[in-house]
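Colleague: The chain contents come next:
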Amino acid sequence: MSSPPGALEQELERLRAQNAQLQAELDAVRGVQAGAAPPVAAAAAAQEEPPAGAANGAACCRPVAAARDWDGLQHGLDKDQIARYSRQIILHSFGVQAQARLCRGSVLIVGAGGLGSPAALYLAAAGVGRVGIVDRDTVELSNIHRQVIHKEATVGMHKALSAAEACRALNSSIQVETHLEALTPANAVQLVRQYDVVVDASDNAPTRYLISDACCAAGRSLVSGAAIGTDGQLTVYCHGEDGPCYRCLFPEAPAAGNCARCVDAGVLGVVPGVIGTLQALEAVKLLSGVGDPLSRRLLVVDCAAGRFHSVKLRARSPNCVACGAAPSITTASLPSYDYAAFTGQAAANDAAPQPLQLIPREERITPAELQRRLASQPTAVLLDVRPAEQFNICHLPGAVHTPFKHFDRYVEAIQERLAAAAAGAAAAGQAAAPPAAEQQQQQDQQDQQNGSADGLQPQPPLYVVCRRGNDSQRAVARLRQLGISHAVDVVGGVEAWAREVDPSFPLY
Amino acid sequence: MELLFGNQKTVEADIPVSNGGQLTVAEAMAWARDNLLTERPELFMKGSSVRPGVLVLVNDTDWELCGELEAEVAEGDRVTFISTLHGG
Ligand SMILES: [Zn+2]
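Sequence order for the protein chains is A and B.
Under my numbering, the residue at position 178 of the first sequence is numbered 178, and the numbers go up by one with no gaps.
To get my numbering, take the position in the second sequence, counting from 1, and add 1000.
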């Protein structure tokens, strides 16, 4: 039998969620404690005296119907909660029932980075009953300018643990759960299913597709935010009758090369702060039922221009493979879906790109070898092909800046530079004492390599360096195409130089 | 996206209409590629449509709601290209 199992399963899941929701509301109306405790235990707990500050259970398990001398609107909040959340409880458009729904609600935050930091803090502060945080990375010093939930003292700690610590410090009355592994196809649906709302605070395309698919399969609304440079985006997926999912908008993944990452492109710290804060806001709206969620709308934020702009999005696509009428990505099939193949990139995010192997290793040199050669070859020309922002931080003395992005524009200048160095060497050679033997030997080798049969002056040595040794290979390949065949690049780039030659060279 | 268009975020253009008919988004895109794009056309278009990961808007509305490539644009209309962000 192959009736659409995905559709049935989804419908079942939806009804279960609906049932749980109704049950919770019914419980609240009856004044019974919310949560999964069996009715007998709940009734027993309800007869106990209020636990005078000794509530050792989770926040959601506190007995709310204990004997007391005041009446409310059967909201289930206790005196402490009312005091803590009073400013939003007395808010006309929010109120005690909205707060009660928030306190009964749960949110899963995927990623404790730039977006997840403010999202987690605000959701914890607002009183969301249970906050789950997924992240497999550890805190690095270069994270903290934007990942403000972490501290200098938590560098090296698991991000999820560091974030949970900060949330608990802010609000000890809520439950904070940590998941110290990456979200994977194997664990995504069962993890997402444990929460009411999901916040996508991840930083890479494969994870974004995975989260969206898991939310479709589990029937959960998804608050999606992204930030890079000075730009941000925010929307709500998989919501309501006609809300689209990520795949409805982007059925085909962009090429890996078109995905800018914070580690390469940079990000102004406040920008993910703005977007992550707005994600918390959308999650609060979804849980409390207050306001209009940003479904079928995309908020586009241009922080440089100070412009917030919301645009209208398409409805759910009936043909969508994740949320359409007959989805092929279901709870059953999702665990075996290959997200790396679909997006052409691994879910690794702030990590360095894979080392490229374009130029054979034996034709490249180590930083130590570069240091030795630069010391012994006064005519050598060193090209640095990193972007200007990085070159301006720090570069080797005398390095010529020829960014790879517009490399061809610099080829003429490189040739002029080589000619000038060669002419300078020739003039110096006539006037000054003969060079050291070693240098002479190298110069001879160089002459042979250059095949100076055309009678031109020998080419001065040419070296190429970049951040990590990938773009430098591409630059050498390009130079070879253009007939400058003697260029040699440095394995590992300036990062390796900093590790192996000069520890005082700044890393970024 | 503006990096592909000489760092300009907004461009006002008079796009010539061929054979007196209605201009479509497809034609406007091709014109922008040929006349405004300053580098790497593969980051803007794929075939005759936009590359994956780019959202096209006509007057702030998803072009999917207006007929996609066939959506008609006229004097004063605004076509916007937004590339989806992944960072966080
Ligand atoms: Zn969909």
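For the record, the hints were derived by calculation from the structure and aren't laboratory data.
Careful, some of the hints might be misleading.
[To be verified] Cut-off 27 Å, straight-line C-alpha distance, at most; resulting in silico cross-link-like pairs (DSS-like, lysine-lysine):
#1 A:405 / B:1046
#2 A:312 / A:79
#3 A:79 / B:1046
#4 A:312 / A:285
#5 A:405 / B:1009
#6 B:1009 / A:312
#7 B:1046 / B:1009
Colleague: Measure nothing beyond the straight line between the CA atoms of residue 1046 (chain B) and residue 1009 (chain B); if it is 27 Å or shorter, mark the hint as holding.
Modeller: Distance of about 21 Å is within 27 Å: holds.
Colleague: For the pair supplied as a hint, residue 405 (chain A) and residue 1046 (chain B), confirm whether the alpha-carbon distance does not exceed 27 Å.
Modeller: OK: residue 405 (chain A) and residue 1046 (chain B) at ~21 Å, within 27 Å.
Colleague: For the pair we were handed, residue 79 (chain A) and residue 1046 (chain B), check the Cα-Cα distance against 27 Å.
Modeller: Violated: residue 79 (chain A) and residue 1046 (chain B) sit about 60 Å apart, past 27 Å.
Colleague: Straight-line Cα separation of residue 405 (chain A) and residue 1009 (chain B) no greater than 27 Å?
Modeller: 20 Å, holds
Colleague: CA of residue 312 (chain A) to CA of residue 285 (chain A), is that 27 Å or under?
Modeller: It holds: about 19 Å lies between the C-alpha atoms, which stays within 27 Å.
Colleague: Sort out whether residue 79 (chain A) lies within 27 Å of residue 312 (chain A), counting only the CA atoms.
Modeller: Roughly 43 Å between the alpha carbons, so the hint for residue 312 (chain A) and residue 79 (chain A) is violated.
Colleague: Against the 27 Å threshold, does the CA-CA distance of residue 1009 (chain B) and residue 312 (chain A) hold or violate the hint?
Modeller: Holds, because 20 Å separates the two Cα atoms, which is no more than 27 Å.
Going through the hint list in order, the structure does not satisfy hints 2 and 3.
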